[in-house]
Structures are given as structure tokens and as C-alpha cells.
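*Asks:* Here is what each chain is made of, one letter per residue.
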Amino acid sequence: MSEINNLKLCDLVDKIKNKKLSSKEITEAFINRSKKSSKLNSYITDNFDNALNSAKEFDEKPDFNKKIPGIPLAVKDLFCTKNLRTTAGSKILENFIPTYESTVTQNIIDHGGIIIGKLNCDEFAMGSSNETSNYGNVQNPISENLVPGGSSGGSSAALAAKLTPATIGTDTGGSIRQPASFTGTVGLKPTYGSCSRYGIVAFASSLDQAGPMTHDVKDCALLLEVMSSFDTKDSTSVEFTRGNYLNDLNENIKGKKIGIPKEYKVDGMPKEIEDLWEKGIKIIKDNGGDVIDISLPNTNYALPTYYIVAPAEASSNLARYDGVKYGFRSKGENLIDMYEKTRSEGFGDEVKRRIMIGTYVLSSGYYDAYYLKAQKVRRLIKNDFDEAYKKVDAILTPSTPSSAFKIGEKLNDPVSMYLNDIFTVPINLAGLPAISIPAGHDNNGFPLGLQIIGKAFDEQNILNIAYSIEKNIGYKNHINDWWIK
Amino acid sequence: MSDQIKEYLILRDDKEYEVIIGLEVHAQVLSESKLFSSSPTKFGSEPNTQVSLVDAAFPGMLPVINEFCIKQAIKTGIGLNAKINNKSIFDRKNYFYADLPQGYQISQYKNPIVGEGSVTLDMPDGEKMIGIERLHLEQDAGKSIHDIDPQNTLVDLNRSGVALMEIVSKPDLRSLDEVNAYIKKLRSIMRYLGTCDGNMQEGSLRADVNVSVRKKGETELGTRCEIKNVNSIKFMQMAIDYEANRQVDILEEGGSIDQETRLFDTKKNETRSMRTKEDAHDYRYFPDPDLLPLELNDDFINEIKKEIPELPDEKKKRFIEKFNLSPYEANILVSDIETSKYFEDVSKNSDVKLATNWITGELFALLNNKSIEITESPITSENLAKLINLIKDGTISGKIAKNVFEIMADSGKDPKKIVEEKGLKQQSDPKELEKIIDKVISDNPKNVEAYKLGKDKLFGFFVGQVMKQSNGKANPQLVNEILKKKLN
Chain A
1418 MSEINNLKLC
1428 DLVDKIKNKK
1438 LSSKEITEAF
1448 INRSKKSSKL
1458 NSYITDNFDN
1468 ALNSAKEFDE
1478 KPDFNKKIPG
1488 IPLAVKDLFC
1498 TKNLRTTAGS
1508 KILENFIPTY
1518 ESTVTQNIID
1528 HGGIIIGKLN
1538 CDEFAMGSSN
1548 ETSNYGNVQN
1558 PISENLVPGG
1568 SSGGSSAALA
1578 AKLTPATIGT
1588 DTGGSIRQPA
1598 SFTGTVGLKP
1608 TYGSCSRYGI
1618 VAFASSLDQA
1628 GPMTHDVKDC
1638 ALLLEVMSSF
1648 DTKDSTSVEF
1658 TRGNYLNDLN
1668 ENIKGKKIGI
1678 PKEYKVDGMP
1688 KEIEDLWEKG
1698 IKIIKDNGGD
1708 VIDISLPNTN
1718 YALPTYYIVA
1728 PAEASSNLAR
1738 YDGVKYGFRS
1748 KGENLIDMYE
1758 KTRSEGFGDE
1768 VKRRIMIGTY
1778 VLSSGYYDAY
1788 YLKAQKVRRL
1798 IKNDFDEAYK
1808 KVDAILTPST
1818 PSSAFKIGEK
1828 LNDPVSMYLN
1838 DIFTVPINLA
1848 GLPAISIPAG
1858 HDNNGFPLGL
1868 QIIGKAFDEQ
1878 NILNIAYSIE
1888 KNIGYKNHIN
1898 DWWIK
Chain B
2 MSDQIKEYLI
12 LRDDKEYEVI
22 IGLEVHAQVL
32 SESKLFSSSP
42 TKFGSEPNTQ
52 VSLVDAAFPG
62 MLPVINEFCI
72 KQAIKTGIGL
82 NAKINNKSIF
92 DRKNYFYADL
102 PQGYQISQYK
112 NPIVGEGSVT
122 LDMPDGEKMI
132 GIERLHLEQD
142 AGKSIHDIDP
152 QNTLVDLNRS
162 GVALMEIVSK
172 PDLRSLDEVN
182 AYIKKLRSIM
192 RYLGTCDGNM
202 QEGSLRADVN
212 VSVRKKGETE
222 LGTRCEIKNV
232 NSIKFMQMAI
242 DYEANRQVDI
252 LEEGGSIDQE
262 TRLFDTKKNE
272 TRSMRTKEDA
282 HDYRYFPDPD
292 LLPLELNDDF
302 INEIKKEIPE
312 LPDEKKKRFI
322 EKFNLSPYEA
332 NILVSDIETS
342 KYFEDVSKNS
352 DVKLATNWIT
362 GELFALLNNK
372 SIEITESPIT
382 SENLAKLINL
392 IKDGTISGKI
402 AKNVFEIMAD
412 SGKDPKKIVE
422 EKGLKQQSDP
432 KELEKIIDKV
442 ISDNPKNVEA
452 YKLGKDKLFG
462 FFVGQVMKQS
472 NGKANPQLVN
482 EILKKKLN
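Protein sequences appear in the order of chains A and B.
Count along the first sequence from 1, then add 1417; that gives the number in my numbering.
Count along the second sequence from 1, then add 1; that gives the number in my numbering.
Just chain B, same shape as in the assembly (with noise of 0.2 Å):
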């Protein structure tokens, strides 16, 4: 299989350029409330409608700190492997902006509350560790709205003060498919934890991406730009791949990269320069003075790590254990909570095989045809259990039980009554089913005639039919073993 897997190279007649990736990720911490007031977090609210003079920065007024967004990113950092500090500082990251209130944002800067440490990734080659540099907290800004008013920009502070988790990678990842195996590796173990829920529509993981390339073989990092704010999996590896392609040419003109920070348009497909670093800003960063700095102690830290559930990883090495299930199958069972959740809901009251099968098989394919998540499946976990059960039990072929998987993606109904209702229960009194075969037999002599001379295809056409006069409900082991007996 390995050879099937490209590196990802960036070819220019006969030479080979390597692309190294960074990211940034903004993970926004699950939260009732802001990181320094008590103003709820709900996305789309009305405009406005979700500030506190804290976030609003009116004169006097105090950040607080939100307890459980600690806990929230002390758990997202034991996720990651990583060394929780037990002193940690928010700092003052200063610039003006018209949706940045304070005049200020509440960042961590030289000492944030997690330090290194790494996430593995599941590549179709193997295993692949991706280091993690750090992960701070700090306050989202506002929204400004350029295009309500033709004269105006209006500003919502819904946003503003809401707790943000940066998770900074080593510049470990070479190829758009780790960048996509990563960020869906974090958002699981995050989900997983409850710390973030994940959803890049509504703006909760975000990315600022580090590009650099360098020919193959070399070991010195080359330059690097940083591409702002990118807010999907597409659009990052689309802003990769044309950054690292625009990088690679001007290396090939002689040129060399400047470093600097640039946007990814969408629409064209390109990015552009956003400032270069003779005008980064200076952001004067220094320790928040109406903030003490954050002291934890062991016993604390100590207390998250009991409330850790099971991680992806475990996970799958448990599954595989425990079912034999396929490092491949089992990773897809795990990738999401809520699927390991359906999973071992219906295998625990079920066979284990069939679950994987019908899950990662029917299942998937509905969701994936009606664009829905397995929280919203209409065939519950218990109903596919009892699916399941009506096969392994002879109640219903497989056959059948795909029609009755249908019928219940349709209605959402106990596969039982639909057995019931419709009448779809194997048939496997073997009376009954001799009586079918014997009539089977007796009309078509001929084929019985070629069958007996060696023709054994032909023993296909004597199971079909005995299905079709069953109306599919024959037990089809039943009838093999009968039909067998008969002609031989």
C-alpha cells in the first residue's frame, strides 16, 4: 500500500521542493461564558446582545477570570500530551481596532498555561507524531460588519471577551493530507473532551497557517508566511498549495521569500500580502496588570486529569483489543465521539462484526446522502442493535434487513414492527420449505435433468427460484442444505 502514498513535492523540472507546515489553530473553549465576564456565549445571537461592560471596555471596569475556561484548556492540554504549567501569565497584546475594545487583547504570551506536546496522527502509512509547541487562552475580539451600511462599519460585540484556546504546532507537517488528518484530530480529541465543539461554520476552529518550502533533502527552514484566519479544511489546503507553489516560483526566479503575513481570497484562490514584516505591528506586550499571575497547583491539575475520558487513541487500541477490529475500522469508529458513542451502544447489545459493518457501511451512507450527523440519525443505536439481532437470530436475511433498514431510515420505526407489519420473517420450517422446493424441482425437469449431468451453475437458478416463490423470505442457508439433499 505504501507505495501507493505520494509525498507531497513541489516539482519544478527536475527538482523537488519540500513544503513545511505550521499551524496556529484557535480553538474556541466550549464555555457557558466569556473568559473574563459573565456574558454568555451563544453564536448567533442578535448583534450586541451578549456584552458586559467588561467586554465592552468601559472605564473602571475589571476582567475576571472564567475558572472553567482554565480547567477547559488544562484538559485540552493533557489531551495533547502536554506539560501543564503551573504558572502561567496573561499578558496585554496592544492594538488599536474598532471591534477591539480595550484597545487591547488578553493574550498569553512568554508563559502560557501548556507547554509541549504532541498529537498522532493515523496516515494510510502509519503513524505520524505532530508536535505541539504550546497552547495559550486569550480573548476573541469583536466582529466589524463592512457591508450593512454603505458608509459605515458597524461593530458586534457578541464575540468580544469569548474565550479562545491557541494550539501551536512544531512546523511537523509536510503534506495537505496531514494538514487535514491533524486539525480533525484535534477537533476529535477536543470533542472528546468537551473543550471545544469544533464547528468551523460557526467559527469555532480557525487556523493561521505557516508555509515554508526548501528542496529536498535540505534541513534548514526556509522562510515562512503566515496565512491569516483561514476558517476550513478546503480552503487551508488550498491556501497551502498555492502559497507553497508561489514560494517555489520565486525561488526559481532567484528570488527570495520575505517573510510576512498574507490573506487567502476565496474566491480567487490566491493569497496576497497582508503586511510584511518591517510593518508587523508592535503589540508591546506585557503582563496584565489587573490580572495576578495564574498559580495551580499539583492537586489541581491533578483533580482534571481524573474527569479525562477515554481518547480517541485508547479508544481505538481498546476496539481493536477487545473486538478485533481492524486498526482501520476502528480508527473510523473512534474519529468522532459521537460515532464511538452509537457504536458501542449497538455493539454492546449485539454482534460486534455486524455493528462495524453496518455502521461504517449502510449507516455511514445515509448520513453522508441526507448531509447529517449521527446525532441525528433516524435509526437510533437501540433499533440497529435489533436489526442486527433479527439477522444473527434467522428472523431476516441480510437481504431483507437492507429493505428494513430503508424502511426505517424513512420512518425512523422498530426494525420488529416493520418485520411484523410487512410480514418480511424468514421462512425457515423446512416442511414449508421442502413443499417450495419439491415444487421447484418438479417444473423445471429439464434443468434438473443438466444440473444431475454437471451443470452446476445451475444450482443458482434452483435457489433464485425457490426465493422468488418465497417472495425473498426463504431462509436462504435452509435452502441450500435442502436443495442439496434434493438434486444430489
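So that you can see chain A by itself, here it is in the shape it has in the complex (with noise of 0.2 Å):
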């Protein structure tokens, strides 16, 4: 591994600026590193040949003003890249090139990055595992046979072997912190509202948000900058002044109250990740931080009414995959034998499966007592995090129940598999923002984190505060390469 392939986002922009390195060096220590790690299946498709243009291009007219000037990116399948195959994941989408740039991707290239390719996620970011990919499993670097988390599996598999200096991901119940934390990486769903959906392949409308993963809580704050802007090409988008998250960033959280919710001490959550969630009780008291014991009541009703809302939302998003406009089609005698052997041959099962879900609690004579009581008890659930907000400013949770499992483990059991988003879901119902950064290892060596969870558009506050037990937590990933032969 080349030395520049150790360094970290604000690392490699330090070197950039300083021009201690160039954007074609940079780049393609990051492109070779990915050629030599097919194993770990992390790129559905590379751009690596335009990025190398673009990297010198960039070495020619360097802009250093920008915010990651000349910095390559991998990015998860789910951002429409103009000119750039994108997928979902999906055979659906297999041949579709979009003629246009998400603004998550545009943000990132007019701040001066430089998409290298696209990263495997589970398909159409339904899954926790990557392997729903119709594109093949993702290997986790930490071991072999490990799933990398999912849905954003791709993304965390490649910027934990240092694939890419940084990625993002989206995060619809946890696609963002599950993998990150999967990993041994930080990852961070914002605010709903803070950065476009516009051209991000949808799963979940009221869920879906896109977010940064990194090597640490600085690059984050980096990242998160860049991405995350106001735009009028989504309605949902919200209008608000985005912080200096990294140049704010500070670890000092003296007088901060920290909730502990007691609902989160589920039944059978291995005692290391009990310990681990204590260790960082003690970080937070050492530092000055108050420690409150809160209650989120309707903790419990998060998973239920999740699988409820997500399936309904996406059993509609999902329909304009019929075949007759673009991405694949297969032959039909009719309109409705086309329509249900695209979408037969097209979805895979998991994605058929809460179609299926999706349309069933949306159907006259069910939509009161699934879709409409879940919209009643979703609110409940937003309404606990705003009672807790009275009395602390955010909220320490595990981001997981358990570390990364074997690739195969949990496929045929999806109750098992859903569980998984137990801790991050909520998050997603009530729309705000949380983080989860690397925090120790399990009697494997496989890696655990901690969730941070925050107040609306309050970014900082769980960055300042994930920067500090970061600080003293003294987390250190393990990873030997052992996919590079």
C-alpha cells in the first residue's frame, strides 16, 4: 500500500494545497489500490480512466480554494452520475447512464472532487448486509467472509481498505452508521432536509438522506460541508445556514448533557457492546459531559412502524421500473406480461418482497390499521425525542446490536436481518441527525461503535461530541490486507 493511501481526507487536502502532492498521485495510488482489491467486489463500475483526466486537468489549473480540490472519490451506486453508469444495485438499472448529476455528486465536484467510480450497495439500498446486490456480495477488509454492513456495504468496504480517502452513503434506517460501524468508520446521516435527494435513486422518500463516511469525526465534518446545501430542486430540502462544521469543530464538551435512553438496554445485547457503550458513559463524565438517564417510550415501535412506512413509500418509488422508459425490459406478449417479467427477471427478492409489504399496507381495507396507525405511531415517536431534547442536548446509544456477521448468516431469516436497524431506525422516523464513530472490538477483533444522536440541523453538536470520544477512545482499526494476494 502506498503511503498516500494511509492518509485522510484533511491530510491529503493539507498535502494538496501545500503541493506537497498532486491530484494525478493522489489519484492513482487510489485507483491502483482498487484495482488490486477486486476481491472485496466494493466498485460496481470505475471511472478510473476520466478521473485520471480529471486529476490532471485538475494539476494543470489547480483551484485551491476549493473545499477538497482535486481529492478522488468513490461514491455508493445510488448518486445518479452524469455520463456514469448507475445502477441502485439493481439488474433493473443495469444499462441505464443517467444524463444528469445528483447534487449530492455536483456539490462534490464543484468543491473539486473527483468521482473514481461507484460503489456496491445492497439493491435499491434495501438490505443491511450488501448482499441483496444484484451485483454480488461485498467482502468486509476486517475479515474475510464479513459482510461490510449494508445498505452502503460498498462504501464502507472501500474506504475502511483505503480505496478511497473518504465516501458517501445514504442512510434510510441505518445504511450510513450500520456499515460505518461495521467497519470500524464514521459515518453520519444528517438532518432530514440537509442535503438533495435530488438524483439519488429513491427508496423512501420521507427517510432517504445522504451523508459522509470517513476514516475520522474531522474528515467528516469535511465531507458533510461539502454535500450538504439547500436546493430547490427538492421540496423537502430545507432552507438553513449551514455550519463550519470542521472549522468549528471542537472537542471541549464541558456541561454537555448526554441522554441515556433505557430503552436502548435491549434483551441479549452482548455484554462487549455494554461495556463499550459504558466506556463511552465514562468518556463523556471524564470530560466534563452531565450523563442523564432518559426514556424514549416508543422505542419499541420503531422497527414494526419502519417496515411499515419504508415498504409503502418504496412500493410506489419503485414503479417507474416497468420497463417501457429505460434500464431493462424483457419481452412480454402484452403490456401486463412485460410489466410483470421485467419486474419479475428485474427486482431481486428482497426488493420484491416489501414491494409486496409496501402494497399490501397501503390496499383499501388495510391502509388504516398499517400505513395510517404508523404515521400516528411515527409521530409518537419524534414526539420522545423532542420531550428528551427538554432536558439533554444529545443522546449515546450502540449503533448496533451486534458486530459484523458472516457473509450467508442472516439471508434467509430477513426478521433477523431486520433487527440489525434496531438503533438506528428511530433516528430515521424522527428525522434527525446522528453519527457513528468506531469505538472498540468484540471478542473477534471485529469492530463496535457508538451512536450519536442530535437535535435537528444541531450537526455540530454531535460532531464536537463524537470528536471528543474519538479523541479519547484510542480506537485503532485493524486491517492486513489479507484480499491482496
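All clues stand as given, with none of them false.
Calculated from the model, a selection of chain A residues having no Cβ within reach of chain B, i.e. all distances over 12 Å:
#, residue
1, L1438
2, L1797
3, K1827
Sample of chain B residues at the chain A side, in silico, Cβ under 8 Å:
#, residue
4, L63
5, V65
6, I66
7, R93
8, P102
9, P290
Please keep in mind that the hints were generated in silico from the structure rather than gathered at the bench.
Just so we're clear, the structure is a prediction, and the values are computed from it rather than from any experiment.
Think of the CB as a built atom: it goes at the ideal place given N, C-alpha and C, for glycine as much as any other residue.
Two independent chains are provided; combine them into the complex using the hints.
*Replies:* Now the structure itself:
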């Protein structure tokens, strides 16, 4: 591995601004390592040739005022990228090349970033292990045959394996935070409305948010600055003053009130995760923070609520993939036959399962009992957080109820797979920001993460708390390049 | 007059059935761009040339509401005397069809932008109020074209995403004449407001027609059938008449009506079942998570109220009061906004009574013959006013005016010029007229004798002779006066 691959995003920005490294050198280093890492299967589509050209162009006319000048980044294949194939991990979009750029990737390009490829993910971001992708499993660089989490599994794997200095994912129920936790990296889901959804292949519109995935909290603050913007092309985008997250990053948490929700102490939670949580609590106390026990009484209902709301929206969002306009089409006897064949062959099992659940809960006669009730419970869950935030500034929980599991272990047990999202899902339902940071290892040496949940639009605060924990917890990722012969 | 109005009833032996009609009118919002995208909406463009990524439902594309369309819907609501809802919600209506790119139509289901209102119809036997249930905004679908390619259906997405207002009436209509008057009144109001051009040929105004029947005197509503997408008043009337008779026949045979959706076949003049209630679509409506609820504050609505022009009902009242027109005349003049503008332009500069008569008489006949709109009239309002003034000040007679009008219709010329060029100016010089009259009297001694002996009818003969001698230009009033003096 080249020394360059070991540099974090902020370090690379410094090196390039100080002319210690060129964009071409950096881009080549990450492309070369990506090429050697095909065993991880983290890429669906690469953009290496174009990226190298862009790097050369940057070096010819460098603009060092940009936030990430000449920095190569691979991104989750859920972001539409102009002239670069975008599949959403699905066969139904296997030949889809957008003529447009998503707002978030456009922001990256506008700030000097160079897109080096599209990273694997669960099909339409539906999954927690990257095993539902039409383009195959992704290996967790931590250990062979371990899942990298999902749905942003290609992103977490590529980041942990240093194939990209940072990356972006999307998070509908935990799809950034859980894979970050499984790979010993940092992942942040911003407040709903912070990052534009324009040009992101939709899963569940009221829950989807794009966010940064990085090696550390500083990088995370910088990349969030780059991604977040008000966008009139997304009606749910919120106009608020975005912070200077990196500049204002501050490890001082003296007097900060941190809530510990009792409902997150679930039955059967591994001891090592409890210990990890205790470790986090101690760090907060040692650094002058106030730890306060709180209650989020409707937490139990979050997962069932999520598995009504998200599939309902998905069943409608995915109706456009019908073989008529773009993407995969199967021949049929007539229109209906063409629809049935196209969608049967084009979608994988998990996507079909969720389309069916979603269709069911929206059907007449069931709507009130499922969808409408779920919307009411969603409101209660949000109210829980509103109540808690009258007493505390942020909330600390584990990111996941377990560490990464083996490939294939939960594939045929969807409910056990869904339970993985138990700590992350409520945050999406409430539209709040939350960050997962690596905090320790389990008995197998697999990474575990802690989650800090903030008030709406209070990203700076959770970044600061995360920064403080990160400095004190002394986490280090153990990666031995097992996939490179 | 009222006993000439026949109730619209379906008769079977001695039984009378009443027909209950409700209309769901789909009116295309007059707007440069679509409801949720900036694509243009021009009619008749090359297929698939007015389609954005949003209209074609590309991955990751999001709808953004067009504020102008919202204002248009509010204006229409005000014109229908309806309640404007401060909060309304856009829902997704889910179904698969090749010309529906999203796989759902964005519409308003439980919370429409406009609530209950009413429309007043002017029927020969008096006014009738028709209740409005609601008005909501929705996207139009694209168009499937089945007759260009023998193997394939082609899709044109130019209409996809165009804003429609669905205006739902209460089941208050009872006859084909009322349907006609209702559609025309809606059209008139929307054209006054500039919110829909009402052009039925271009599909800017279509309707789904709900029909049920019941024995006269019953108060319960019968089971209704919905006839989808009828695009002219004539077809609506034909469809209703067919459907009402069909339902009565079923009831007469002891059967019952199935609630269903039907199609009207314009060639065979019959309605056909499209789908029954059992296989009705389950549209799985739910609020569109890509759009926030639409919240309108009162200031916003009040600002729009200020922009509302005088509408046909008020204008009619004003015409009756200010110009002393009959309700019938006023109605004709206000029903179309362009006609009312034309009338006001003409009457502003000339005699109101003459303006009314000339517009509703000669001008309407001319437009009818040429099958053109008043905006295309070869006779401008300015020229018609001039013509009327020429009559009024005695420059030409009414009879000559008709000739001048015809020349104007063909040439579009200024009537003053025509009168000058053709020398049509009325002879009003008494001395000149006396000369002609003296000559007529001296040329017809026998008739003079007869007249003096009491054959009064001969007076007309003398007038005719004078007019003939003057090539029709003699001022008929003066001729009368002088003749009377001379003969008596």
C-alpha cells in the first residue's frame, strides 16, 4: 500500500494545498489500490480513466480555494452520475446511464472532488449486509467472509480498505451508520432536509438522507460541509444556515448533557456492547459532560413502524421501473405481461418482498390499520425525542446490537436481518442527525460503534461530542490486506 | 314561457324516471409550464418534445410545485364561490400504465385545495344553483398512440405532468340542457379568470359523467354509473341519454344497476362497460412524501382575490342595471368574455341599444356563417361603433347600414370610408327631397287622387317611389314628414 492511501481526507487536502502531492499522484494511488482489491467487490462501475484525466486537468489549472481540491472519491451507486452508469445495485438499472448529476455529487465536483467510481450497495438500498445487490456480495476488509454492513456496504468496505479516502452513502434506516460501525469507520446521517435528495435513486422518500463516511470525525465534518446544501429541486430540502463544521469542530464537551435511553438496553445485548456503551459514558463524564438517564418509551415500535412506512413508499417509488422508458426490459405478450416479466426478472427477492409489503399496507381495507397507524406512531416516536431534548443536548447509544456477521448468516432470515437496524431506525423516523464512530472491538476483533444522536440541524454538536470521544477512546482499525495476494 | 319547458324524464308506459347527473370536469390549467416541472405545455408540439426528466420519471427526479398553477386553482375556486382550503395535500394515486411514467399520478385525495362552492345556471325558467363538491389539482398522464405502428403502442409524454383541475359537481343536474348550461358556465367563468382556455377540441376540458335514474318523486339516489372521459357537450348529452335509458330498461325488467365505469362509443352511440366495481383499481392513495403539505395563508389568498376580474354573473347584473338590457340580452352578451369585451368596446362609443341589436343580430349571424370566434371578426369593435354612429346621426339609414355591414364583413374597411366611396350618404336636405317628392306626386296623379279619397295604403307606394328615385339614400323620416305635408 502506498503511503498516500493511509492519509485521511483532511491530510490529503493539506498535502495538495501545500503542493506536496498532486491530484494525479493521489488519484493514481487510490485507483491502483482499488484495482488490486477486486476481491472485495466494492465497486460496481469504475470511472478510473476519466478520473485520471480530471486529476491531470486539475493539476494543470489547480484551484486550491476549493474544499476538497483534486481529491478522488468513490461514491455509492445510488447517486445518479452524469454519463456514468448508475445501477442502484439492481439488474433493472443494469444499463442505465444518467444524463444528469445528483445535487450531492455535483456539490462534490464543484468543491474540487473527482468521482473515481460507483460503489456496491444493497439493491435499491434495501438490506443490511450488501447481500441483496445484483452485483454480488461485498467483503468486509476486516475479515474474510464478513459482511461490510448495508446498504452502503461497498462504501464502507472501500473506505476501510482505503480504496477511497472518504465516501458518501445514503441512510434510510441505518444504511450509513451500521456499515460504518461494521468496518470501524465514521458515518453520519444528517438531519432530514440537509442534503438534497435530487438525483438519488429513491428508496423511501420521507426517510432517505445522504451523508458522509470517513476515517475520522474531522474528515466527516469537512465532507458534510461539501455535501450539504439547500436545493430548490428538492421540495423537502430545508433552508437553514449550514455550519462551518470543520472550522467549528471543538472537543470541549464540558457541561454538555448527554442522555442515555433505557429502552436501548435490549434483551440479549452482548456484554461487549454494554461495556462499550459504559466506556463511552465514562469518557463523557471524564471530560466534564453530564450523563442523564432518559426514556424514549416508543422505541419498541420503531422497527415495525419503519417496516410499514419504508416499504409503502418504496412500493410506489419503484413503480417507475416498468421496462417502458429506461433500464431492463423483458419481452412480453402484451403490456401487463411485459410488466410482470420485467419486474419479476429485474428485481431481487428482498426488493420484491418490500414492494409486496408496501402494496399490502397501502391497500384499501388495510391502509388505516397499517399505514395510517404507522404514521401516528412515527409522530409519537418523534415526540419522544422532542421530550428528551428538553433535558439533554444529545443522546448516546450503541450503533448496532451486534458486530458484523458472516456472509450468508442472516440472508434467509429477514426478521433477524431487520433487527440489525433497531438502534438506527428510530432516528430516521424522527428525521434527526446521528453519527456512528468506531469505539472498540468484540471478542473476534470485529469493530463496534457508538452512535450520537442530535437535535434537528444540530450536526455541529454531535460532531463535537464524537470528536471528543474519538480523541479519548483510542480506537484503531486492524486491517491486514488479506484480500491482496 | 315556463310551460314550454319540458322536464327531462325517461318515460316507460305510465312511469316517469328522473335522471340524476353529476360531472367531474377535468380542466387544463392555463399555464406556461407543467404542475411539477418547468416543461412547456404548448398544444400540438412534436411528440415527446416537451418532456423533462421529471415528467419522464427518471430515477431520483423530484416534483417541485408550480406556484402559478396553485394560484390558478385558487382563482378558479374563488370564481366558483368556493372555500379555499388553507391546507391541502398532494397524494399519489398508484396504477401501472405505459403513459404514466411514475407509476402513480400526483393528485389530491382527502384534502383538496378547494372545497364546496356553487355555480348559477341561467335556465329559460329561471336561475338554478348547482353545487360544487370540490376542486383539486392533479397531473395529466401522457398519451398512448395505438394506430401508428401495427405492432407497438407509442407513447407521447408531452401531456405528462400538465396541470389539471378536477371540478366535481354535486349530483344536482337533471337534464341535458342543464349539463349544456353547466359546462358552458364553467367554461365561461374559467375564461373570464384566465385559468383555463376551455378548448374542448384540444382536450383542455373533458368530463367524467355520473348518471343514475330513479322514479319521479323518489328521494333516494339510485346506483350510478360513471362514463369516463367524454370530450364534447354533444357527446355528454348523447352518452347521458343512452345511459339513462339503458338503466331504466334494466329497472323495468326487474333488474338492478351495477355500479361500474363505462366508456362512451361515439361511433355506435352507446356506453359499454369498462370495469365493474369488483375489478375497480385499488389506487393505494397516500400522501406524496416528495411534497410537503401545501399551506396557504389568508394574505396569500386575499392577494389573489384582488386579482379577480368582474365575473359573468356580476357583469350581467351591471349590464341590466346600467344599460337597461333584458336579462336575456345580458346573458348572451356576458356568456363569453370576448363577446362581453367587444360589446363594452362598442357601447362605450356608441348607442347601447343599437350595439346590443347589431352584435346579437348581424354580427352573431356573420360569425356563425363564417364559423369564427368574435376575436377573429373582420369587423372590429371600433368600426362597428362607427357604423352605429353613422346610423344614429342620420348619415345613413338602417337599411343602407346593412349593406355597409356586408362590405365591412368582406373587406374589414372603415364604414365611413365605405359610405364616402360608394356615395351612400343619406339625402337629408329637405329641398332636394322636396324636388324628388314633387316629381313623384306629379308623375302619379291617379294615385294621389286615390290616396286623397282615403286609400291610405298608397302612402307606402309614394315612399317607395321616393326611395327608388334617390337610390335608397333618402332619409326615410324626412321623406315621411314631407310627403305627409304635401299629400294632406
